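A.B. asks: Sequence:
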Amino acid sequence: MKSIYLVLDMQNDLVHPDGASGKGPLGEQVRSREVIARTAAAIAKARAKGIAVAYVRVAFSDDHREANPNSQVFGAIAKNGILKKDAWGGAVHDDLAPLAGEWDIVKHRVSPFYATSLEVLLRGQGIERIYCSGVSTQAVVQATVRDAHDRDFDVVVLEDCCASPSAQEHENSMASIARFCTSIDSANAFN
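Position 4 of the sequence shown, counting from 1, maps to 4 under the UniProt record's numbering, and the rest follow consecutively.
Bear in mind the hints are in silico, worked out from the structure with no lab data behind them.
Just so we're clear, the structure is a prediction, and the values are computed from it rather than from any experiment.
Certain hints may be false.
Computed list of lysine to any residue pairs in SDA-like fashion (alpha-carbon distance at most 20 Å, straight line) [unchecked claim]: (1) Lys23 with Val73; (2) Lys79 with Arg65; (3) Lys23 with Pro165; (4) Lys23 with Ala87; (5) Lys49 with Glu102; (6) Lys2 with Arg47; (7) Lys85 with Ala97; (8) Lys23 with Ala78; (9) Lys2 with Glu128.
Model the full assembly from the supplied sequences, consistent with the hints where possible.
C.D. replies: Here it is in structure tokens:
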């Protein structure tokens, strides 16, 4: 089964200790769960096994024109001026840097399938299985799992490469998507 590893929203504003959310509870969970190191190891393992790696970023123009100002999520992003597509905060964390030619899917909503080219690219490459991980579990990970499932992809979540603002939120999120995906530790991925 042809597979891909989607690295979801692992951006400086969200996961770097100096990022807007990286300074708060989400960043604390990313650090305590060693998500960046585990994700870097998973990326290296996928590449070594010949599995494509692709990156999904939630990012906006400098003026945040794509953000819904009335959204509880995206209104705050625009108000705080974070996750700008071409700025440091919107970039993938350096320890997880994409290689030339790896996909950079930029999204303006929670799901990486909404109004992006992701599904077209996956179908064009004959991808059947999606491995995924990222932040936050209750948002992009859940949305990816549910949307990929409904598009008939086999979905595998690298649970130890995901985080939410609290351990409880992460656990609740993983429990709520359990029937739509397989959950594994990154050490057991890509075998």
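A.B. asks: Determine for every hint whether it applies to the structure shown.
C.D. replies: Against the structure, the hints:
1. Distance check on the hinted pair: Lys23 and Val73 sit about 18 Å apart at the alpha-carbon level, within 20 Å; holds.
2. A C-alpha spacing of about 12 Å is found between Lys79 and Arg65, which places the hinted pair at or below 20 Å, so the restraint holds.
3. This hinted pair checks out: Lys23 and Pro165 have alpha carbons roughly 11 Å apart, not beyond 20 Å.
4. Distance hint between Lys23 and Ala87 is fulfilled; the C-alpha atoms sit about 18 Å from each other, no more than 20 Å.
5. Taken as a hint, the Lys49 and Glu102 pair is honoured in the structure, with Cα atoms around 15 Å apart against an allowance of 20 Å.
6. With a C-alpha separation of about 13 Å, the suggested pairing of Lys2 with Arg47 holds against the 20 Å cut-off.
7. Restraint check for Lys85 and Ala97: satisfied, since their Cα atoms lie roughly 15 Å apart, inside the 20 Å limit.
8. Taking the CA atoms of Lys23 and Ala78, the gap is near 18 Å; set against the 20 Å cutoff, the hint holds.
9. Restraint check for Lys2 and Glu128: satisfied, since their Cα atoms lie roughly 6 Å apart, inside the 20 Å limit.
The structure shown violates none of the earlier numbered hints.
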